[in-house]
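Student: Each chain, written out:
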Amino acid sequence: MLFGRAKKNAIRIADKGVVDWKYTTCGYCSTGCSIEVGLDKDGKAVSSRGVAGADVNRGKLCLKGIFEHELFYTPNRGRVPLMRDQIHHDFKEVSWDRSLDKTASEIERIQSTYGRDAFAVVSTGQIMTEEFYTLGKLSRGVLGTNNYDGNTTLCMASAVSGYKRSFGSDGPPGCYDDFEHTECLLAIGSNLPEQHPIIFWRLRQALEKRKFPIIVVDPRVTMFSQMADMHLPVTPGTDVVLLNALAHVILDEGLEDRAYIDAHTNGNEEFKKLVAEYDPVTASRICGIDEDTIRNVARLYAKAGAAMTIWTMGINQSTHGSDGVVGINNLNLITGNIGKPGGTSLSITGQCNAMGTREWSSCSGLPGYRALEKEKDREDIANYWGIDPEFFPKQRGLFQTDIFPAIETGQIKGLWLIATNPMTSMTNTARIRKTLEKLEFLVVQDAYADVETNEYSHVYFPAAVWAEKEGCFTNTERRVNLIRNVMPPHEESKSDLWIFNQMAKRFAQGRKIRFPETSEEVFDELRELSRGRMLDYSGLSYEKLEQQRGIQWPCTEGAEGGTARLYSDGRFQFEDGKAKLIPLPFIDNNERPDEEYPFWLNTGRVVEHFHTRTRTGKVGNLNKFSPTPYMEMNPDAARELGIEHGKYARLISRRGDAVVMVQLTQRVAPNMIFIPFHFHECVNRLTLGLLDPHSRQPAFKQSAVKIESVADQTAAAVRNHAARTY
Amino acid sequence: MSENWIEIGTLSDIPRLGARVVESKQGDIAVFRTADDEVFALRDKCPHKGGPLSQGIVHGKRVACPLHDWKINLDSGLAVAPDEGCAAYYPVKLEGDAVFLSLTPNEGCPN
Chain L
1 MLFGRAKKNA IRIADKGVVD WKYTTCGYCS TGCSIEVGLD KDGKAVSSRG VAGADVNRGK
61 LCLKGIFEHE LFYTPNRGRV PLMRDQIHHD FKEVSWDRSL DKTASEIERI QSTYGRDAFA
121 VVSTGQIMTE EFYTLGKLSR GVLGTNNYDG NTTLCMASAV SGYKRSFGSD GPPGCYDDFE
181 HTECLLAIGS NLPEQHPIIF WRLRQALEKR KFPIIVVDPR VTMFSQMADM HLPVTPGTDV
241 VLLNALAHVI LDEGLEDRAY IDAHTNGNEE FKKLVAEYDP VTASRICGID EDTIRNVARL
301 YAKAGAAMTI WTMGINQSTH GSDGVVGINN LNLITGNIGK PGGTSLSITG QCNAMGTREW
361 SSCSGLPGYR ALEKEKDRED IANYWGIDPE FFPKQRGLFQ TDIFPAIETG QIKGLWLIAT
421 NPMTSMTNTA RIRKTLEKLE FLVVQDAYAD VETNEYSHVY FPAAVWAEKE GCFTNTERRV
481 NLIRNVMPPH EESKSDLWIF NQMAKRFAQG RKIRFPETSE EVFDELRELS RGRMLDYSGL
541 SYEKLEQQRG IQWPCTEGAE GGTARLYSDG RFQFEDGKAK LIPLPFIDNN ERPDEEYPFW
601 LNTGRVVEHF HTRTRTGKVG NLNKFSPTPY MEMNPDAARE LGIEHGKYAR LISRRGDAVV
661 MVQLTQRVAP NMIFIPFHFH ECVNRLTLGL LDPHSRQPAF KQSAVKIESV ADQTAAAVRN
721 HAARTY
Chain C
1001 MSENWIEIGT LSDIPRLGAR VVESKQGDIA VFRTADDEVF ALRDKCPHKG GPLSQGIVHG
1061 KRVACPLHDW KINLDSGLAV APDEGCAAYY PVKLEGDAVF LSLTPNEGCP N
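Read top to bottom, the protein sequences are chains L and C. Letter 556 of the first sequence, counting from 1, is numbered 556 in my numbering, and no numbers are missing. In my numbering, each residue's number is its place in the second sequence (first place is 1) plus 1000.
The reader is advised that the hints may include incorrect statements.
Unchecked claim - Mimicking SDA-like on lysine to any residue, the simulated pairs with C-alpha atoms at most 25 Å apart in a straight line are:
1. L:Lys-41 with C:Ala-1081
2. C:Lys-1049 with L:Gly-53
3. L:Lys-22 with C:Leu-1067
Stated by the list, open to error - Per the computed footprint, the stretches of chain L lying under chain C, defined by three or more beta-carbons under 8 Å from a beta-carbon of chain C, are:
4. 15-29
5. 50-61
As the list claims (entries may be wrong) - So these bits of chain C aren't anywhere near chain L, every CB distance computed over 10 Å:
6. Ile-1008
7. Gly-1027
8. Asp-1028
9. Lys-1045
10. Lys-1093
11. Leu-1101
Source of the hints: derived by calculation from the structure; they are not laboratory data. These numbers come from a predicted model, not from an experiment. Even glycine gets a Cβ: it sits at the ideal position worked out from N, Cα and C.
I would like the entire structure built from these sequences, with the hints used as guidance.
Tutor: Next up, the structure:
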């Protein structure tokens, strides 16, 4: 023990020999931390630190950011393009020209044989906004495929859908500064300390100044719930019922903001009628929260001068994800908590640039929050790009979670995956494996050659990572942040922008359209296309973004800074300017525990890892803290099954099985287990992934499993090790 | 340099690898003790954004500002390059166990 020592050891903090600090933005989650990477005299990146003047993180970094400079030196980076004719052949190293030519000719073959939509593109939330826009121009304007989506359908599509249904548009209305003004914070399905440590720090800072109640809704006793004032352990997948019940109490007791409802919403009568059915007694039997608690929370929330709700995957990754978001918006609309300091519905996004995908990639339509369904939008973009408006489809095509079944059924024959890893990230791994085998052609574009999905590719494009290129991200609070280049790309890897531009040149239509070569030139197109729109970028520039350490859109031309909140004037994005109160009947379609599969399976994150560990699994200082797949299991339940702490156990669902190490903890209920989703051949072998009808987002956190003790612990260890080889 | 020494205590009053604060008309002065029992004094204000150096980690002959990790050389008050700036350096001398602090900062780093 430190206090027992007579003489303290000298502290050694290595002098890394930094001679230059390079400003950029963190490339992990959507907090949007400004970071400085320290270069030594040889130009090697040796250190990272937070930028003090950036309002987002004010000099702080989480563990992933502190070691982010090590990304440039991680093993198994893609060096050169790879090609093979069949997925069972070995790869050959080829030149960029050969791999690009092959890909272009395969796209042409597939599209001319089976139709334009038979070639699908699935992207990510982790490349630059300028790269997303360029990919959208390529996919929509050159290839013309309508089966184009981002992997944000796995994490944020429910938030997008819910915002659109309630407010008429995507775009989180709040900001981190709302923590400084709120009088009540409700967090649903968000484990802020482990998922977004710096946002959590901002919240803690606000609590240091002024006490306000924190209410956490989560089936599991998360780190967040342990510091909350109230923890509501809701039955998985039933958040909508709880939200309806809260609205019931508020309306029944006359606690609503009647003036706000009358002035700024439609649908109040139908909404009121529906929530009348969700009285606290009825709701308590479905969602598992007792009626008194429901009443207390409703009163606390409604009587607060300003109240805000935040959420993440616990809401989104559900068959009721979009409804959950609408339910949160309903709650805030009836209490007048939209667009004012401290009053908001704030979706805490996952990937560093999921927002960039939503804004500019054209996955859900056309760039700048434009819709394929609107003739004017099609004409605007077609004119700007210089193509025929008839080239665009008149409605959106398949989402990622529908693209994969379309491959299964043979409608889609070719796929281009960009910085996403469905072999680990999508539910029901066995099914995904079979699906990928059916493709006639698969291109994988990633910074790492050993990304699991590359097992099934015919062509691999090595991409630059993070600050080996330049561009922008948009964070959870709509702040556009600049990523400055710190390091040249690894060996022959290229920025995604370069790859997209080279691909476009190989098509006749692509040679007619202008594809700017630098990120900054592309950014000028974003400014032009967003002028006068809700997500106005026209007042932004790279220089200004760097100086101000990020600026929240909208930022009109000539404006000094950005805009903290949306809808402050109470005018929403529907034609009549009013938001919609939408009734949400609850139908429980989840797989539920039963006699044969008696445990709920819950999934989530640990602080050290990011998504499928493609990057963080290779950073020794991160991986050593959470090196192995494990499950949290209740000690009482474990005793009944003869399962011991620190031993391996086998989990079985109707889809497959997994072997994990057991951590006994009271953080999970006796009929529940929790497994972090980061590991390959692990939790997603078990998951079902029913889809939300609006957003097509999978329900990752509602599956039923059974647990068996494992006699041969050595064999189990070998198998568990395989789940973290990548 | 004019003599302006004041006795501020004994070496054992300063925790090893830690600091104590002396208030003065010019502002707080942080007095540090290294692992090797050397004593240094700087203005208790980081040249970066004013963080309290007395609360930072002392390592070697440097202290890390607790706010944003700027490292300050104890023997000069200068920030470790490439960061620029300095915290006023106050001469310190030891006579036996007694610690004497000069209230006149070095000319090279007067603020």
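Student: Going through the earlier hints one by one, which of them does the structure break, listed in rising order?
Tutor: No numbers; nothing is violated.
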